[in-house]
Amino acid sequence: MSQSLPKIYLVAGATRGIGLALVEDIAKKDPTAIIYAGGRNISASPQLAEAAARYPGRVEIVKYIAGDAETNNAIAKTIKEAHGRVDTVIANAGINNYGAPVHEYPVEQFKDHFAVNTLGPIVLFQSVYTLLQASPSPRFVPVSTMGGSLKLLDNVPKNICTAGYSTSKTALNWVTRKIHFENEWLVAFPLCPSPCSTDMGNDFIKKYMDGQSSIPIRTPDVVAGMMVDIIMASTREKDGGEYHNVQGGRYPW
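Residue numbering for the sequence shown is 1 to 253, as defined by the numbering used here.
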C-alpha cells in the first residue's frame, strides 16, 4: 500500500502568540505534517527554535517579512525545491499598534497597517500561488478580525479607535473573498481568532476596556486549536469565501 504524502503547511507570523501556537497545534494533530514557520525576527524567538527542536525535520524556520516580495519568493522557492507544492497557507502576521479618531489618525499609520495586514497576505498569496495549484487540497486562510466587519461596526464603542487596523482587515476580507471567486480549485476564507491573550490582545484590552473584557479571552493555544480544527475540516463548498470565527459561526461582512 502506498503511503500518502505529508501535508505541507506555511504559517506566516509564527514567532509568538497565535502563530507560534498554530505551528505547535498542527505538529501535534498531524504527525506527518511539515510546517514552514515564518517570521521577521526569527532569532528573537527561542520558543520557535524549541518547537523546531521538538519536531526535527517537521518544523522548518524561514525568514518572512510581510509584504516583502524577496523573502516571500525565497520561501516559495525553498518549499518548491523540497516538496513541489504547499497544501495550507495561514497568513497570520499582522499589526495593531496605533489608535486615534479618524480625523487625527496619521496617514502614515494607515499605510503601515495596510502594508502588513492587507498587502502582506496578497504578496504571500502571489508568491505561493503555483505551489497551491500543485496541491490536491489547497487552502489559503488569512487571519482577520471581527473589527473588519462593516455591519458589526454599528455596535463598536466610539472610544475604540482602531481605524488603521480595522480598515486594513476589511480590505483583507474583500481580497480573500475575491480570491475565492477567482480560483475555483482553492479553499480560501478569512478566519477571526476572537479575543486572545496575546501581546496585541492584552494591549487592546488594557487600552480600550480598562483591563477588563466582557468577552471571553482565550489563550493562544486554545485559539490556535480551534482555528486548526476549522482549517483542517474546511471545504470549498462549506467554507469557501465565508467570514469565519473560531466558534464555528460566520460574521456579517
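Warning: the hint list may mix true and false statements.
Using 25 Å as the maximum straight-line C-alpha spacing, the simulated DMTMM-like pairs for lysine to aspartate or glutamate come out as follows [what the hints assert, rightly or not]:
no., residue 1, residue 2
1, LYS238, GLU104
2, LYS80, GLU70
3, LYS80, ASP221
4, LYS111, GLU81
5, LYS151, GLU104
6, LYS151, GLU70
7, LYS29, GLU182
8, LYS178, ASP221
9, LYS80, GLU242
10, LYS178, GLU104
11, LYS80, GLU60
12, LYS7, ASP154
13, LYS28, GLU182
14, LYS151, GLU50
15, LYS77, ASP154
16, LYS77, ASP229
17, LYS63, GLU50
18, LYS29, GLU60
19, LYS80, ASP68
20, LYS29, ASP221
21, LYS80, GLU108
22, LYS178, GLU237
No lab work stands behind these hints: they were computed from the structure. Just so we're clear, the structure is a prediction, and the values are computed from it rather than from any experiment.
Each hint tested on the structure:
no. : hint              : verdict
1   : LYS238 <-> GLU104 : violated, 42 Å
2   : LYS80 <-> GLU70   : holds, 15 Å
3   : LYS80 <-> ASP221  : violated, 29 Å
4   : LYS111 <-> GLU81  : violated, 34 Å
5   : LYS151 <-> GLU104 : holds, 23 Å
6   : LYS151 <-> GLU70  : violated, 37 Å
7   : LYS29 <-> GLU182  : violated, 31 Å
8   : LYS178 <-> ASP221 : violated, 30 Å
9   : LYS80 <-> GLU242  : violated, 29 Å
10  : LYS178 <-> GLU104 : violated, 31 Å
11  : LYS80 <-> GLU60   : holds, 14 Å
12  : LYS7 <-> ASP154   : violated, 41 Å
13  : LYS28 <-> GLU182  : violated, 33 Å
14  : LYS151 <-> GLU50  : violated, 42 Å
15  : LYS77 <-> ASP154  : violated, 44 Å
16  : LYS77 <-> ASP229  : violated, 28 Å
17  : LYS63 <-> GLU50   : holds, 16 Å
18  : LYS29 <-> GLU60   : holds, 17 Å
19  : LYS80 <-> ASP68   : holds, 18 Å
20  : LYS29 <-> ASP221  : holds, 13 Å
21  : LYS80 <-> GLU108  : violated, 36 Å
22  : LYS178 <-> GLU237 : holds, 15 Å
Of the numbered hints listed earlier, those contradicted by the structure are 1, 3, 4, 6, 7, 8, 9, 10, 12, 13, 14, 15, 16, 21.
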